[in-house]
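Engineer: Here is how the chains run, residue by residue.
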Amino acid sequence: MAPPEVHHLFHHPIADHSFSADRQTLAVARENTVDLFKRNGNKFQLTDELTGHDKTVTGVDIAPRSGKIVTCSQDRNAYVWEPSADGWKPTLVLLRINRAATCVRWAPSETKFAVGSGARLIPVCYFEEEDNWWVSKHLKKPIRSTITTVAWHPNSVLLAAGSTDGHARVLSSFIKGVDERPEPSAWGERLPFNTVCGEFLNNTAGWIHSVAFSPSGNALAFAAHDSSLTVVYPSAPEQPPRAVINISTQLLPFMSLVWRSEDEIIAAGYDCQAYRLQGSEHGWQLAGSLETKGRPGAQGHREESALNMFRQMDLKGKATDDTKLDTIHQNTITNIRAFEEAGGKVTKISSSGVDGRVVVWTL
Amino acid sequence: MANVNWRTINIDALDPDSPANFDLSTLAPSVTPVATADVQSLASQIRQLLRGGDNEGALRGALENPPCGADDKGKEVHLATVIEILQSIRQSEMSPLLNRIYSSPGGPEALDVLMKYISYKGMGQTSTSNPTRNITPQPTGFSQIHPRGATEGGGQAMSVLLSWHEKLVEIAGPGSIVRVMTDRRTV
Chain A
215 MAPPEVHHLF
225 HHPIADHSFS
235 ADRQTLAVAR
245 ENTVDLFKRN
255 GNKFQLTDEL
265 TGHDKTVTGV
275 DIAPRSGKIV
285 TCSQDRNAYV
295 WEPSADGWKP
305 TLVLLRINRA
315 ATCVRWAPSE
325 TKFAVGSGAR
335 LIPVCYFEEE
345 DNWWVSKHLK
355 KPIRSTITTV
365 AWHPNSVLLA
375 AGSTDGHARV
385 LSSFIKGVDE
395 RPEPSAWGER
405 LPFNTVCGEF
415 LNNTAGWIHS
425 VAFSPSGNAL
435 AFAAHDSSLT
445 VVYPSAPEQP
455 PRAVINISTQ
465 LLPFMSLVWR
475 SEDEIIAAGY
485 DCQAYRLQGS
495 EHGWQLAGSL
505 ETKGRPGAQG
515 HREESALNMF
525 RQMDLKGKAT
535 DDTKLDTIHQ
545 NTITNIRAFE
555 EAGGKVTKIS
565 SSGVDGRVVV
575 WTL
Chain Y
2 MANVNWRTIN
12 IDALDPDSPA
22 NFDLSTLAPS
32 VTPVATADVQ
42 SLASQIRQLL
52 RGGDNEGALR
62 GALENPPCGA
72 DDKGKEVHLA
82 TVIEILQSIR
92 QSEMSPLLNR
102 IYSSPGGPEA
112 LDVLMKYISY
122 KGMGQTSTSN
132 PTRNITPQPT
142 GFSQIHPRGA
152 TEGGGQAMSV
162 LLSWHEKLVE
172 IAGPGSIVRV
182 MTDRRTV
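As given, the protein sequences belong to chains A and Y, one line each in that order.
For the first sequence, this note's numbering begins at 215 and goes up steadily by one.
For the second sequence, this note's numbering begins at 2 and goes up steadily by one.
No lab work stands behind these hints: they were computed from the structure.
These numbers come from a predicted model, not from an experiment.
Some clues are possibly wrong.
Capping the alpha-carbon separation at 30 Å, the derived lysine-lysine pairs in DSSO-like fashion look like this [what the hints assert, rightly or not]:
(1) A:Lys559 / A:Lys257
(2) Y:Lys168 / A:Lys532
(3) A:Lys538 / Y:Lys168
All chains should be modelled from the sequences, with the hints used to inform the complete structure.
Structural biologist: This is the structure in C-alpha cells:
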C-alpha cells in the first residue's frame with residue numbers, strides 16, 4: 215500500500231475541496247475565496263483565486279465533464295464559474311434563500327445542482343436557456359431545520375439530504391425539460407418534484423453530518439452526531455425499508471463518508487483519521503483505521519541520548535514532544551471524496567480538514 | 002404606523018413556515034410514557050436483586066428499562082435506584098462487569114444509558130446542594146469521615162460517579178459521551 219500523499223496547503227480550515235476530472239486541478243474553499251491549485255510534479259501550486267463571495271465559502275464542486283465550478287457561501291449566494299479566455303467567468307445563481315448556503319453538489323448529469331441551506335429548504339438549480347440564467351426550484355417539505363449535507367443518486371433525480379432536525383431524507387428533484395424520466399427503483403416509481411421517498415431518523419435523533427448513496431443507488435448511508443453510522447436498504451416504494459442497520463461506534467462522530475463499493479464505506483471526522491467499515495444488508499462493522507500504526511520515520515526515535523532528554527525536560531518540562539497528533543491530519547477531517555476508481559471500486563480517496571491539509575489515500 | 006417598534010414584533014407568529022409554528026416532538030424519537038408506579042415497582046424488584054447479591058443483574062435490569070417517558074418524579078426514583086446500585090459495587094469489580102455488559106447483546110446501548118445516569122444526570126444532581134439528600138446517611142455504608150457538612154456528602158457520591166465514568170469511557174469510548182449529549186431521550 216502506497217503511503218498517503220500529503221499536501222499542506224495553508225494554515226486555514228478547508229471547508230470543502232474538489233478535484234477536476236483529470237485530478238490536475240484542485241479547488242479549495244478558503245475563507246471568502248476559492249483557491250485553485252495546479253499539480254506541478256508531486257506538489258500543488260496556487261494558480262488562481264475565485265473571488266466574489268463576501269462571506270465564508272462553504273461548498274465547492276467541480277463538474278467532472280464540463281469543468282464548471284459551482285461555489286456557495288454564507289452570503290446566501292452561489293456562483294457557477296466557467297473557464298473563458300480571460301480567466302474564470304462567474305454567473306450568479308438566484309437561490310432565493312434568506313439564510314446561509316451550507317453545501318453544494320452537482321448532479322451526475324451536470325445539468326443541475328443542489329444547495330443545502332439554513333433556510334430549511336434545498337434550492338435545486340438548473341440553467342434556463344431562454345433567459346440565459348441559472349434559476350432554482352425549492353425543495354421545502356418536510357424539512358424542519360438546516361440542511362447540512364446533500365448527495366445525489368446516480369439517476370440525477372433522487373437527492374439525499376441530511377439535516378440538523380436529525381432526519382436523513384430522500385427527495386425527488388425531477389424537473390420537467392431538464393431531466394429524463396428515471397427508471398423505477400426501490401425508492402419510487404413516479405417521482406414528481408418534491409416527492410418524499412424516504413425519511414429516516416436514527417435512535418438518538420442526532421443531527422446528520424453526511425449522507426451518501428451506494429454506487430448502485432440502492433442503499434443510503436448517513437453519519438450523525440451521535441457517533442453512529444446508519445445504512446438503509448429500501449424494499450419497495452411506500453413500504454418500510456428492508457433493513458436499517460445502525461452501528462454506534464466508540465469513536466467521535468464522523469463528518470463525511472464515501473462508499474468504496476457496495477460492501478465498504480470509508481468514513482472520517484472528529485477523530486482526525488479515516489475508518490473503514492464493511493458489511494452488507496445483514497450487518498455492518500468497523501474494520502479499522504486507514505492510518506498505519508507506528509509509521510516508520512514519521513516521528514521515530516531520533517535521539518534518545520540522556521543529554522537530549524534532560525535538555526528537553528529543561529526547555530519544555532517534559533522529555534517527549536507530544537504537541538503533534540500521531541495521525542496525518544492534525545485536526546478534524548471535514549470532507550472526503552473519491553479520488554480514483556478502478557474496476558467498479560474506489561481505489562483512492564482524498565480528504566481535507568480544519569488543519570489546511572489535503573491528503574490522498576490509497577485504499 | 003410610525004410609532005411601531007419593529008424590533009418587538011414577533012415575526013415567527015406571522016410566518017406559517019416558521020420553526021416556532023410546528024410540533025417539535027416530530028424531531029425527537031418517540032418514547033413510550035411510563036407511569037411513576039411502574040418505575041417504583043421496578044425499583045423494588047431491582048433492590049431485591051441487589052439484596053440477593055446479584056449486582057450485575059440489578060444494574061442490567063435498571064439500564065435496560067430506562068424510564069425515558071416518565072415524568073420528573075419517575076425519573077428521580079430511577080436515578081436514585083441506579084446511584085444506589087453504582088455505590089454498592091466495589092471499584093475492582095467495575096471494569097470486568099462493564100466488559101461483560103458491553104460484549105453481551107444490547108450491551109452498548111445499556112452502557113450509553115449508564116453514561117446518561119453518571120454524567121450528566123447523576124453529577125448534575127449531586128452538585129446542586131440538595132440538603133435533604135446529603136443529610137440522610139448513605140445507604141452504602143460509606144462512613145462520613147469528613148464532618149464538614151452537606152457538601153462533603155455530595156463529594157462522596159461524586160467520587161463514586163467519577164471512578165465509574167473513568168472505567169466506562171475506557172470501555173465504551175468517547176462515542177458514548179457524544180451520544181449522551183446528542184440523545185433527545187433524556188433519563
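Engineer: With reference to the structure, classify each hint as holding or not holding.
Structural biologist: Against the structure, the hints come out as follows:
1. A:Lys559 / A:Lys257: Given pair Lys559 (chain A), Lys257 (chain A) holds - Cα atoms ~26 Å apart, limit 30 Å.
2. Y:Lys168 / A:Lys532: 27 Å, holds
3. A:Lys538 / Y:Lys168: Satisfied, since the Cα-Cα distance of roughly 26 Å is no more than 30 Å.
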